[in-house]
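K.L.:
For the record, the sequence lines run as chains A and B. Using our numbering, the first residue of the first sequence is number -6, and each one after it goes up by one. Using our numbering, the first residue of the second sequence is number 77, and each one after it goes up by one.
Any given hint might turn out to be false.
[Said to hold, decoys possible] Here are the simulated DSBU-like pairs of lysine-lysine, each with C-alpha atoms no more than 35 Å apart in a straight line: (1) K197/B to K334/A; (2) K300/B to K48/A; (3) K195/B to K334/A; (4) K322/B to K134/A; (5) K159/B to K197/B; (6) K195/B to K301/A.
[As the list claims (entries may be wrong)] Simulated restraints on C-beta separations: (7) E456/B to Q270/A: 23 to 31 Å; (8) E337/A to R412/B: 31 to 39 Å; (9) D467/B to D275/A: 43 to 51 Å; (10) K389/A to I170/B: 56 to 64 Å; (11) G383/A to D347/B: 27 to 35 Å; (12) S112/A to G393/B: 40 to 48 Å; (13) S279/A to V312/B: 48 to 56 Å; (14) S112/A to D371/B: 53 to 61 Å; (15) E292/A to R301/B: 52 to 60 Å; (16) M290/A to L460/B: 48 to 56 Å; (17) E384/B to D221/A: 42 to 50 Å; (18) D221/A to G393/B: 37 to 45 Å.
Since the hints were made in silico from the structure, they are not lab data. Here the structure is a predicted model, which means the values were calculated and not measured. Glycine residues also receive a C-beta, built at the ideal position from the N, C-alpha and C atoms.
Okay, here's what each chain looks like letter by letter:
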Amino acid sequence: MQGQALSDLRVVELGRYIAAPYCSKLLADLGAEVVKVEDPQGDPARYAGPFPGDKPHAERSALFLYLNTNKKSITLDVRAPGGARILQQLLRDTDVLVEDNAPGEAASLGLDFRSLHRSNPRLIVTSITPFGQTGPYRDFKATDLIANHMSGLAFSTTSRITDASQEPLQAGGKQGDFTAGLTGAVGTMLALFSRDLSGEGQHVDISIQESLAAFVRWEVGFYTHDFDGLYKQLWAKRASGSGKGATGLFPCKDGYVSMGTREQYQWEAFVDMLGNQQLREDPRFSSILLRILNWPMIEPLVLDWMSKHTKEEIFRESQARRVPAFPCNTTGEVYESAQIKAREYFVEVEHPELGLVTCPGAPYKLSRTPWRVRQTAPRLGEHNQEILCGWLGYGKEDVLRLGETGLGKCD
Amino acid sequence: MEKLPLDGVRVADFSWVIAGPYATMWLAVMGAEVVRIETNQHIDVNRRGQPFAGGIAGENRSGLWNSLNFAKLSCNLNLAKPKAADLARQLVSISDVVVENFAYGQMARFGLGYAELRKLKPDLILVSSSGVGRTGPERGYVSYNEQLVAYSGLASLTGNIGGAPTNVGGFWADHLSATALAFAILAALRHRTRTGEGQDIDISMTEAVMSQLPQGLMDYAMNKRVPVPLGNRDAVMVPHGVYHCKGEDKWVAIAVSTEEEWRSLCQAMGDPPWTREKKFADPASRRQNLSELDDNINAWTRERSHYEVMEILQGVGVAAGPSVDIEELVNDPHLREREFFVSPNHLETGRLSLPGLPCKLSAHPTLNYAPSPLLGQHNEYVFLELLGLSDQEFAELIGEGVIL
């Protein structure tokens, strides 16, 4: 579509569940024409909730809808020779392949970069796998849980500090998969710029483990920069400082608030709000590090004050004093937030099976080439005929025959 | 040398902390010339914060800052002075992208509001990153990462079962929104290449986090259900969690998604009699008897190191891996072999290892992992070469506290 940043791109996705589909969704939302190649059984995301009324149905997954708006779906058994041939034909006139096969498996399907590059030198291949294309773990299996834990993220995600008897925790909502998808979209864009310079496609290698580990920079800095000092003092025991020093999540009268008082002026405004003038001058709390180390001395006082105020009160009063504070929202609360509504973040998508569904919007706002829902998520194999006949020149009879041999079902 | 993907792109980078700098580091490492505008009058909080190399405080010694600014240039401009804003405008007029994440209204107070910058160069890409966006009733509110992890709903989905909401590590909202920002900038640059049009980019860190929470948000939108933390559990897979291993605070994560994997897990544990009991025969039964299941698995994992369990289970096709601490992460043999960590030769701290970017490009085996700059390290390049000041003008502006 004209006016969109990626409307000249043709993308083929061989993706399941979240990571690769989210990558190509980000491209599709900015105008790229994305053909999603599904196994005849369909992308497993079709069977993942939430579903309206909690009734599972392959065409009613809200997760699938969110991840696959603006795409076309064809069904193809790429493990069968006929299916592999059609895929190769499709890739001849494609700019980007986004795929998530294990490295060894990709090769056995003829999807290794070397072979693909030979038949289409301009093709960019973006592979998103748990551990990337090289290294001793490259063929290991992982889910989002494993990636959270092997990236150091889970170790840094711990309730209320220093309690090493608690489990290190995964982040909620499959963040490793989503983040790798986003990272893959960045890598794909870079490869497009590179292709503009050289005329050649390349292989973009995205590891879910690394996509998360790249965020653990502060924590790594303690180990590599101050091992004998603060690393041993704080980090070796998972003492991130969250919840201490008036930074982090605090229970209040009706839930939790998140406070951030890193700068001295913020701390002073915070203790003013508490109505405690002595703390302002107290040298034991005159820096963020001292406040973390000496936190037990004032924690009861702060918690007592918090327990008497609602999160809304603390939020508005703190902000009036320029103290960083926000309420800890449930997904329902943020959905209803006036700020989010004012920015028209959520969008409504019409779907033949689901009706009108409210979806999260894009993670950015572009003034001139905004993301748009051009078409709703496809039914399984909805575009078999369009792609096979319209793009690849098969006759209708060929398509029926292909359907019968299980390569692609046609409506 | 092969040209890097963003060769020839120049970025005037007014941003600080993480959400801006991590995005512009993607651009710098990939070949763009990124000039950070800094001032001694209000030094980036991350230059002033721990960890410092060798535990010695110093504005060029912060591990976090030095991990967020590879390959950038740094110049001094005290934007509170009108002459500094003039120089900033000159720099903007020869740049392709401008990035800022000050508190709302600060750029305009410097005389660097969008409308004004747009006049300097119509095809500029003007980027603003902020906690909740540049529009809406709360646009003026102040926040750091953690407040936005809470506000977005992510903290409410993270934590122990039945426990308190929990902040996600790794300065989540900062790094995540920065990655989304890098994507948006690249899309805008590509649009400009094709059409000659610039545009504005408005990133709300909160919304960047929310775009990765469709299940929680849509469950509320459709079913008015409010999801709660699952600990290390999963709604479908079982067993799915972390298990105790040999040593203090050592854990292995195991996720079983099919019956075939379940049988492989049992076999790897030596097929103890409990695995044949009816109460563990299928996923529904295993979920019903979860704590007993976990006790049994724990009894096996406890005898082994977390890496050992990974090797055994991966050997039979079961997803498993150690829950690594920071030391183990930095020394992880797989990440080492992939050269995920880089150690640019920093002028003041030398070669200290830090995470690189999570993206390997086959056509660019060598990316621009030059060290992060010292504060004001590139003043001469920026003011004399790029902006064409004379030596005398340069000296005067330093004397007047403009280049400061």
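K.L.:
Evaluate each hint against the coordinates.
P.N.:
Taking the hints in turn, this is what the structure says about them:
no. : hint                         : verdict
1   : K197/B to K334/A             : 33 Å, holds
2   : K300/B to K48/A              : 15 Å, holds
3   : K195/B to K334/A             : 31 Å, holds
4   : K322/B to K134/A             : 23 Å, holds
5   : K159/B to K197/B             : 19 Å, holds
6   : K195/B to K301/A             : 51 Å, violated
7   : E456/B to Q270/A: 23 to 31 Å : 48 Å, violated
8   : E337/A to R412/B: 31 to 39 Å : 46 Å, violated
9   : D467/B to D275/A: 43 to 51 Å : 50 Å, holds
10  : K389/A to I170/B: 56 to 64 Å : 58 Å, holds
11  : G383/A to D347/B: 27 to 35 Å : 54 Å, violated
12  : S112/A to G393/B: 40 to 48 Å : 32 Å, violated
13  : S279/A to V312/B: 48 to 56 Å : 50 Å, holds
14  : S112/A to D371/B: 53 to 61 Å : 54 Å, holds
15  : E292/A to R301/B: 52 to 60 Å : 34 Å, violated
16  : M290/A to L460/B: 48 to 56 Å : 53 Å, holds
17  : E384/B to D221/A: 42 to 50 Å : 29 Å, violated
18  : D221/A to G393/B: 37 to 45 Å : 42 Å, holds
This entry does not satisfy hints 6, 7, 8, 11, 12, 15 and 17, going by the numbered hints stated previously.
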